[in-house]
Each structure stands twice: as structure tokens, then as C-alpha cells.
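Asker: Here the protein sequences line up with chains A and B, keeping their order.
Sequence positions in the first sequence follow numbering that gives the first Met the number 0 and run 0 to 683.
Sequence positions in the second sequence follow numbering that gives the first Met the number 0 and run 0 to 164.
One should not assume that every hint holds.
To be verified - Only some residues are given here: those of chain B computed to face chain A with a beta carbon under 10 Å:
id, residue
1, L75
2, R77
3, A96
4, F111
5, C114
6, D125
7, T126
Unchecked claim - SDA-like cross-link-like pairs, simulated, lysine to any residue; straight-line CA separation at most 20 Å:
id, chain 1, residue 1, chain 2, residue 2
8, A, K27, B, S47
9, A, K577, A, K544
10, A, K304, B, Q105
11, A, K27, B, N150
12, A, K482, A, D537
13, A, K27, B, Q78
14, A, K233, B, D125
15, A, K27, B, H46
Worth flagging that the hints you see were computed from the coordinates, not collected in a lab.
Here the structure is a predicted model, which means the values were calculated and not measured.
Glycine included, every Cβ here is placed at the ideal spot set by N, Cα and C.
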Amino acid sequence: MYRHWTIHVFIVLYLASNIISFPKKVCKLTNEEDGYDCSGHGLLSIPDDLPNSTKTLDFSFNHLPAIYNTTFVRLKDLILLDLTRCNINWIFENVLDHQTDLETLILIGNQLQFVADYAFAGPQSLKHISLIQTSLTDMKFLPRMNLNSIETLDLGDNDIDSLLDLNLFNWQTIRTLNLAMNSIQNLSAADMGILKTSSLLDISFKGNNIVFIEPKAFESCQFNSLDFSDCFSKGDISVILDGLTGVLTNILSLRAYEDSPSAIIRAESLHAFCNITVKELRFQLQHFHDLTDDTPFECLKGLQKLDLTRSHLNSLPASIAKMTSLTHLILNENSFKDLCQTNAASLSKLTVLSVRGNQLKPGMDFKESCLRNATKLKHLDLSQSRLLTGGVQCCEVQLAGLGQLRKLNISYNFPASSMKWADLPFNATSKLTQLDCSNLKVTRIPQAAAEGPLRNLGQLQLLNISWDFSTLSTQDNLLEGLKSLEQLNLKDSSFKDNVVSNREIFMHTPLLQSLVLAKCSIVAVENNVFSYLTNLKDVDLSGNKLVVVNMKAFHSLNIVLLNFARNLIEIVDIHTVKSFGEKSRIDISDNPLACNCSNIQLIGWIQSNANKVINIDMTKCIGFNERLSNVHLKCGVSTGMLAFALVVMSMTIIAIAFFIKKKLKYCGYQQIDLNVVPCRWLNE
Amino acid sequence: MPHRSLFVVLAILAHKPQSGLVQEVQWPIHTLCNMDKLQIAYRSCDHSQDIGISIDLCPATLSPLKINVNLRVSLLLRQSTDELYLSAKLILEGGVAFQLDEPLCQPDFPRFTFCSRKKGELIVFDTPLKLDKLKYLPEHLNVHTVIVNQNGYHIACFNITIIKR
Numbered sequence: 000m001y002r003h004w005t006i007h008v009f010i011v012l013y014l015a016s017n018i019i020s021f022p023k024k025v026c027k028l029t030n031e032e033d034g035y036d037c038s039g040h041g042l043l044s045i046p047d048d049l050p051n052s053t054k055t056l057d058f059s060f061n062h063l064p065a066i067y068n069t070t071f072v073r074l075k076d077l078i079l080l081d082l083t084r085c086n087i088n089w090i091f092e093n094v095l096d097h098q099t100d101l102e103t104l105i106l107i108g109n110q111l112q113f114v115a116d117y118a119f120a121g122p123q124s125l126k127h128i129s130l131i132q133t134s135l136t137d138m139k140f141l142p143r144m145n146l147n148s149i150e151t152l153d154l155g156d157n158d159i160d161s162l163l164d165l166n167l168f169n170w171q172t173i174r175t176l177n178l179a180m181n182s183i184q185n186l187s188a189a190d191m192g193i194l195k196t197s198s199l200l201d202i203s204f205k206g207n208n209i210v211f212i213e214p215k216a217f218e219s220c221q222f223n224s225l226d227f228s229d230c231f232s233k234g235d236i237s238v239i240l241d242g243l244t245g246v247l248t249n250i251l252s253l254r255a256y257e258d259s260p261s262a263i264i265r266a267e268s269l270h271a272f273c274n275i276t277v278k279e280l281r282f283q284l285q286h287f288h289d290l291t292d293d294t295p296f297e298c299l300k301g302l303q304k305l306d307l308t309r310s311h312l313n314s315l316p317a318s319i320a321k322m323t324s325l326t327h328l329i330l331n332e333n334s335f336k337d338l339c340q341t342n343a344a345s346l347s348k349l350t351v352l353s354v355r356g357n358q359l360k361p362g363m364d365f366k367e368s369c370l371r372n373a374t375k376l377k378h379l380d381l382s383q384s385r386l387l388t389g390g391v392q393c394c395e396v397q398l399a400g401l402g403q404l405r406k407l408n409i410s411y412n413f414p415a416s417s418m419k420w421a422d423l424p425f426n427a428t429s430k431l432t433q434l435d436c437s438n439l440k441v442t443r444i445p446q447a448a449a450e451g452p453l454r455n456l457g458q459l460q461l462l463n464i465s466w467d468f469s470t471l472s473t474q475d476n477l478l479e480g481l482k483s484l485e486q487l488n489l490k491d492s493s494f495k496d497n498v499v500s501n502r503e504i505f506m507h508t509p510l511l512q513s514l515v516l517a518k519c520s521i522v523a524v525e526n527n528v529f530s531y532l533t534n535l536k537d538v539d540l541s542g543n544k545l546v547v548v549n550m551k552a553f554h555s556l557n558i559v560l561l562n563f564a565r566n567l568i569e570i571v572d573i574h575t576v577k578s579f580g581e582k583s584r585i586d587i588s589d590n591p592l593a594c595n596c597s598n599i600q601l602i603g604w605i606q607s608n609a610n611k612v613i614n615i616d617m618t619k620c621i622g623f624n625e626r627l628s629n630v631h632l633k634c635g636v637s638t639g640m641l642a643f644a645l646v647v648m649s650m651t652i653i654a655i656a657f658f659i660k661k662k663l664k665y666c667g668y669q670q671i672d673l674n675v676v677p678c679r680w681l682n683e
Numbered sequence: 000m001p002h003r004s005l006f007v008v009l010a011i012l013a014h015k016p017q018s019g020l021v022q023e024v025q026w027p028i029h030t031l032c033n034m035d036k037l038q039i040a041y042r043s044c045d046h047s048q049d050i051g052i053s054i055d056l057c058p059a060t061l062s063p064l065k066i067n068v069n070l071r072v073s074l075l076l077r078q079s080t081d082e083l084y085l086s087a088k089l090i091l092e093g094g095v096a097f098q099l100d101e102p103l104c105q106p107d108f109p110r111f112t113f114c115s116r117k118k119g120e121l122i123v124f125d126t127p128l129k130l131d132k133l134k135y136l137p138e139h140l141n142v143h144t145v146i147v148n149q150n151g152y153h154i155a156c157f158n159i160t161i162i163k164r
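Using the sequences provided together with the hints, build the complete structure.
Answerer: What follows is the structure, encoded as C-alpha cells:
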């Protein structure tokens with residue numbers, strides 16, 4: 000009976016333990032000093048095990064319908080408190096009374112019903128407050144007290160329709176005001192007047208349906224950035240531009256989005272810029288229709304950067320030269336038939352030109368030197384634009400005059416015919432420091448193949464020629480003359496017999512630090528093949544078909560990052576990884592690593608050198624999905640096993656002896672039935 | 000009898016869930032269209048939350064060449080969307096037929112209004128959509144879509160199944 004009770008009590012206790020949850024540690028340390036992440040646990044209060052010394056606390060996605068002055072009382076050292084999506088409706092008085100050091104308070108996504116006037120009293124210097132999607136309809140709703148030090152006021156995506164109460168804040172300290180996606184339609188001079196007391200403010204009205212800005216409302220206002228993107232109520236940008244008369248700003252954003260209506264910008268609208276001082280102008284996804292030589296570009300003479308990404312352009316007039324200060328011109332994703340139609344060379348101060356992702360099919364002509372006069376150009380991006388060289392040799396003629404060019408990107412161009420490289424394709428741009436020719440189909444004219452095509456680029460530091468550029472074994476001279484090269488990307492290239500064996504290829508690049516040979520179908524890397532590369536720090540051999548990790552290929556293993564991920568490596572010779580320097584790291588994740596006794600030394604090395612293994616979570620055994628760092632193998636006879644065997648043997652002998660003794664005793668009581676065979680046998 | 004009770008205890012102990020093993024959440028299948036000729040359903044493959052997708056009109060037949068519908072997607076952000084990259088795989092019965100990789104939000108080119116939004120914001124993406132050449136659809140099509148942000152975090156993950164009859 001007693002035994003039955005014991006068992007029943009045990010069952011009840013067990014079931015109860017599954018219903019009643021005992022406190023668990025739900026908060027994790029973050030990378031910040033004394034930082035904890037308790038997000039997403041549906042917590043109803045601050046966990047008891049959270050240290051009092053916590054400085055940054057992510058408490059987002061929990062459940063705190065009301066906050067009282069006792070809620071955070073213990074956490075006196077808080078600097079950042081993230082209460083995103085905590086279903087907070089009520090914030091009562093003095094909830095931050097003890098958090099004198101608090102600087103950042105995040106309340107995104109809480110449907111606030113009530114915030115007491117003294118709610119945020121306490122912190123000496125509350126700098127950043129985020130109230131996005133908190134159902135604010137009026138700035139008066141915000142507590143009056145202790146917002147004098149605010150630098151960032153984020154009121155995005157609420158229902159604010161009036162800016163009457165902007166004067167509640169201290170505009171001497173505010174640096175960022177986000178009013179994006181509210182219900183603001185009218186901006187009056189009286190409302191904006193207060194902004195004149197601030198300087199270098201970042202202010203966003205993005206996504207408001209602006210129908211009227213009072214003339215001179217922004218006169219004498221000085222901003223760092225001003226965002227009126229997606230604010231064009233009737234597709235007419237002139238409402239905004241006319242209203243900005245007299246403003247001075249470093250950046251003006253007038254973007255549209257793919258899921259918002261764009262505006263049609265007429266040439267005459269640009270007259271408004273005669274009364275606006277702006278350094279950087281963003282017109283992405285807008286529609287320009289009638290840009291001609293008569294367009295008043297002279298009104299943009301102070302402009303330094305102009306972004307016309309996907310602005311539905313097929314040409315720019317030569318009169319853009321009137322933008323005499325322009326240094327950066329971004330013309331990505333437009334429809335130029337010919338690079339010359341950009342007229343970019345007429346901009347005398349141009350240093351950066353980007354015509355990436357040109358949309359026109361079959362491509363953009365790149366035959367002649369239409370950038371010859373852009374002598375100050377330092378950065379040219381013509382990637383993903385289907386460059387058409389029309390059978391003309393590239394690129395000496397096309398890049399003529401660009402002697403100051405430092406960065407050139409002609410990657411991802413897939414013309415119908417391959418690009419023909421002459422003897423020195425980059426002869427005109429010998430000061431290049433970065434060259435991206437990845438995903439480019441190139442053929443060299445036969446008579447030019449004897450010497451290296453890039454041999455004049457002695458200052459080149461970064462070269463990307465990934466994707467089937469050519470078979471490298473037949474291009475011994477490809478890297479000739481690249482004596483300053485530090486980073487080389489040869490991803491997706493091919494090697495003869497899929498073996499990296501020709502060390503002479505790398506003879507020309509003694510300063511190389513980073514080498515990418517990923518996805519090259521490499522099956523083996525021969526000894527000493529990288530021996531010329533004495534400065535090598537980072538080698539990516541991932542995604543190949545390597546079976547062996549060959550450390551003898553490298554000059555030194557002192558400080559090196561080796562990536563052997565996604566190969567066919569089963570067993571790693573421990574002597575190779577043992578020679579690793581303190582600062583070296585290796586990635587052998589996603590390989591079919593054997594977790595048996597033949598690999599036990601590697602497993603042991605990984606477990607005691609976890610800091611040297613990158614992606615240790617993905618370094619798993621083949622067959623069963625266990626991390627090598629968690630595997631415990633027993634290989635050979637250990638002392639422990641010997642002791643265990645002795646114990647088992649001793650217990651077996653004792654058991655047999657006990658059995659014999661008991662049997663003899665039993666037979667003593669059964670004398671009358673000596674026919675029982677065992678007893679008979681025992682008595683014999 | 001005591002032995003039977005002991006067996007029960009051992010059986011319960013054997014079934015005690017091991018700590019650290021989190022059961023994979025399986026979100027319900029939601030129906031987008033349930034017409035005679037066309038069925039469209041989706042399921043979230045995000046471990047932390049479901050996703051809302053809706054279209055306002057389902058084509059009754061597959062014969063019209065084009066049909067304009069309105070697509071609405073609602074999603075709660077668990078991380079910010081300074082950068083977003085979409086990867087969609089079209090899967091037929093034989094395997095992956097087509098893969099689409101598309102940048103949606105880049106630091107210098109935010110294409111959509113949901114770019115540069117913060118953790119905790121609710122995104123409602125409302126856009127007209129043109130359904131084209133429905134009759135050329137395969138009988139059974141799966142679309143596996145993942146959207147990751149600048150940290151590689153899965154902002155959204157869902158599978159759409161299209162069945163044509």
C-alpha cells in the first residue's frame with residue numbers, strides 16, 4: 000500500500016512540474032556591455048534574475064499593458080530601454096524616476112492611451128525617443144516634462160495632422176525629427192518658424208500628402224537633410240518646390256517609390272531651385288519628360304550630388320554643364336542608348352559617374368570616347384548595362400582621357416558578343432586602384448596574348464575577375480605587373496584539370512592579402528602553390544571539390560583566415576591544423592566530416608580551439624546532424640573502461656556465487672523430491 | 000500491480016520532453032483563392048510569426064489573358080529593413096524550375112515604402128497586381144519566398160501553392 004502511495008505521489012509531482020513552470024533564464028547577454036535581450040517571451044514583468052546592473056535592455060515583444068513607477072525600479076543603470084510592441088496602453092507618472100542615466104527610450108508599436116505628464120521625469124539626459132506607430136494624433140499627447148535634452152524625436156507613422164505644437168520642444172538640442180507617414184497636409188510659416196532656431200536638423204515629412212506649403216514657410220531654415228519623398232498629392236512636385244523657397248539644406252530627398260505614385264517633373268519646375276540652396280538632390284523613381292537645353296540647370300549651379308536613379312531618362316542635354324559644382328552624377332537604371340547621351344563629360348568637376356543597370360535592350364553603346372573631357376573622373380560604374388562595343392577593341396579608346404580614374408566597374412555586362420581586349424585594354428587609365436571585371440565575357444586578340452593585359456596597372460589594389468574569365472592555366476601572365484595588388488577575386492574561374500598547380504601565376508602579386516578561389520571546381524591544391532604570397536591573410540576556397548586540406552600550399556599559417564566550407568572534406572590531418580598560429584582561423588563547415596575514431600584528433604582539436612573555428616555551429620558530422628564540438632567518442636581502451644570492466648566482472652562472479660548458495664539452501668528444503676534435476680546435479 | 004504502476008512512471012519519464020528542443024511551429028495554411036479552376040494557398044515558414052496575404056479578386060476562369068487584382072501583405076517587423084533582398088524559388092514537381100533574386104531595399108536605392116522601417120513596425124504593402132497568362136500555369140506550382148535584411152535575418156518566409164484544375 001505504501002509503495003502504491005509513493006508511486007502516485009511521484010506521478011502527481013511529475014505532472015505538476017509540467018504545468019507549473021519554474022523560473023528559467025529567458026534573458027540573454029548581448030554584445031553591449033551589461034546588455035540583455037529579453038525580447039519575444041511574452042513576459043509580464045522584469046524577470047527577477049535580470050541583474051540590477053543592466054545598462055541596455057531589449058524588452059520588445061513582451062506584455063506590459065500598464066507601466067508604473069515600480070516596473071523598472073530595480074534597473075537603475077539603464078541607458079537604453081527598448082519596449083517595442085509590448086502592448087503598452089498606459090504609462091503612469093515617474094516610471095523612469097530611478098533611471099537617471101537613461102538616454103534612449105523605444106516605444107514603437109504600442110497603442111498608447113495615456114501618458115502622464117511626469118511619465119518621463121527622472122533621466123537627466125533623455126536624448127532619443129521613438130514613438131513610431133503609437134496612435135499619436137497630437138503632439139500635445141506627449142508628456143511635457145523632461146524632453147528638454149531630446150536629440151531624436153521619432154513620431155513616424157502616426158495620425159498627427161497639425162504641427163502647431165512643435166514649439167513644445169527644445170529646438171536647440173533636436174537633431175532628428177521624423178514625421179514620416181502622418182496626416183500632415185499643410186505646412187504654415189507659423190509652424191515652421193520654430194525650426195529656424197535649430198541647425199543641421201534631419202527632418203522627414205516622407206509619405207505625408209502635402210497639399211499646401213505657405214510661401215516662405217521654410218525661408219532661412221537650415222537643415223542637414225530634408226525629406227519630402229512620396230509627398231506629391233496630385234503628382235505635382237511644384238507644390239513642394241515652391242514651398243521650399245529660401246531653404247538651405249545639405250540633402251533634399253524628393254524620391255518616389257514603386258508602390259507610391261510618382262510625380263511628373265517638368266523642366267520649368269526646376270526654376271524653383273534658383274531659390275533653394277541644396278548640395279545633394281535625390282530624384283529617384285521620378286518622371287522627367289522634357290529635359291532640354293532650355294531646362295534651367297543654372298538654378299542648380301551649387302549642386303554637388305544629383306541622383307537620378309530610374310528617373311525614366313533616355314538622354315541629358317549638354318546644358319547640364321551649367322551645374323558647375325556637380326561632382327557626383329548617378330544615372331542608374333535609365334534607358335540611354337549610348338553612354339554619350341548622358342553628356343556627363345560636359346560637367347567639368349565630375350569625379351563620380353554611375354550608369355549602372357541601364358535598362359535599354361539590346362544594350363548601351365560603348366564604342367567611342369565620350370568621357371574624354373571628364374578629366375577629373377575618379378570613379379566610373381558601368382556595370383549591368385549590357386555594354387555594346389560593336390566589335391571595337393576595348394577599352395583604351397572608350398576610356399581615353401580618364402587618366403585620373405581610380406575605380407572602374409564594368410562587371411555583369413552580357414553583350415551578344417564578347418568584349419575584345421587589346422594588348423593593354425586599360426592603357427588610358429593606368430592609375431586604377433580598383434577594377435571589377437567580374438561576370439564579363441572577354442576574348443583577347445591573339446597577337447596581344449603574349450604579355451599580361453593588366454601589366455600597366457601597377458597601382459591596382461583590388462581586382463575582381465570572377466566568373467569564367469578564362470582558364471587560368473593558359474593565362475600565366477594575367478596577373479603580370481600587378482605589384483600592388485592586395486585583393487584578388489577569381490571566384491567561378493577554372494583551372495587546368497581542376498588543380499591549382501601553377502605557382503608562377505601568383506609570382507607577380509607579392510603584396511596579395513586576400514584571395515578568393517571559391518566555386519572553381521578545384522579538386523586539389525598542390526604544395527607551395529601560394530609560396531610567393533608571403534602576405535596572404537585571407538583565402539577563400541569554399542564551394543570547391545577538395546577532399547584534403549593542404550596547408551603546405553601556403554607560405555605561412557601565422558595569421559591567416561582559411562575558408563574550406565562546402566567542400567568534400569571527410570578527414571582532416573591533425574598535423575596540418577596544429578601548425579596554426581594564434582590568430583589564424585579556419586572554416587570547414589558544410590563538409591561531410593567523419594565523426595569516427597579516424598577523425599578523433601580533429602574533433603579534440605576543435606573542442607579545445609573553438610576560437611579558431613569559424614561557423615562552428617555548421618561544422619557537423621556527416622550522417623547524424625551533430626556538431627563536431629559536441630561529439631564525444633571513445634576510441635581505444637581507457638583506464639576508466641578497464642575499471643568498469645573489472646567492476647562488472649566482479650559483480651557477475653558475486654551474483655553467480657550468490658545464486659549457487661541460494662540454490663543449495665533451496666535444495667535442502669526439497670529433500671523429498673530429489674528428482675529435480677538441478678538439485679540432483681548439485682548433490683552429485 | 001505495483002509493477003504496472005512503475006511501468007507507467009517509467010513510460011512518463013521516457014516521454015518527458017528534453018530541455019532545449021524547441022518544437023517547430025507549423026502555421027496554418029491560409030486560402031487566397033478557392034475557385035473551381037484555381038486554388039491558391041500560402042503558409043508562413045517564419046519560425047516566429049504568421050504573415051497576412053490577401054488578394055481582392057480571384058479569377059473565376061483561366062481564360063482571360065490579364066486580370067488586375069489588388070495584393071495586400073501585412074507583416075510585423077522583427078528587425079529593421081535598411082536593406083532587403085528577396086529570393087523566390089518556383090518549384091515544379093520535378094524540382095526547382097526558376098529562381099528569382101531581387102534587391103528590394105538598398106542603402107542608396109530604397110525601391111519601396113517599406114524600406115528603412117524599424118523593428119516593431121507593422122508593414123502594410125498594398126499594390127495592384129496583374130495576373131497574366133493564367134492558362135499557361137502548370138497544374139501544381141509551389142513558390143518558396145524568403146526575404147532577408149542587412150543582417151541576413153529572415154524578415155519574411157512563406158510558401159505559396161497554386162493548383163490549377
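Asker: Would you mind marking each hint as holding or not holding in the structure?
Answerer: Cross-check of the supplied hints:
1. L75: With a minimum Cβ separation of about 7 Å from chain A (threshold 10 Å), the hint on B:L75 holds.
2. R77: holds (8 Å)
3. A96: This hint is violated: B:A96 lies away from chain A, its Cβ roughly 22 Å from the closest one there, beyond 10 Å.
4. F111: Holds: closest Cβ of chain A sits about 5 Å from B:F111, inside 10 Å.
5. C114: Holds, about 8 Å.
6. D125: Holds. Min distance 7 Å.
7. T126: holds (5 Å)
8. A:K27 with B:S47: Between A:K27 and B:S47 the Cα gap is close to 17 Å, so the pair holds against 20 Å.
9. A:K577 with A:K544: Violated, at about 23 Å.
10. A:K304 with B:Q105: Answer holds: A:K304 to B:Q105 is near 18 Å, not above 20 Å.
11. A:K27 with B:N150: holds (19 Å)
12. A:K482 with A:D537: Roughly 18 Å separates the two Cα atoms, so the pair holds.
13. A:K27 with B:Q78: Within the cut-off at roughly 17 Å; holds.
14. A:K233 with B:D125: holds (19 Å)
15. A:K27 with B:H46: holds (19 Å)
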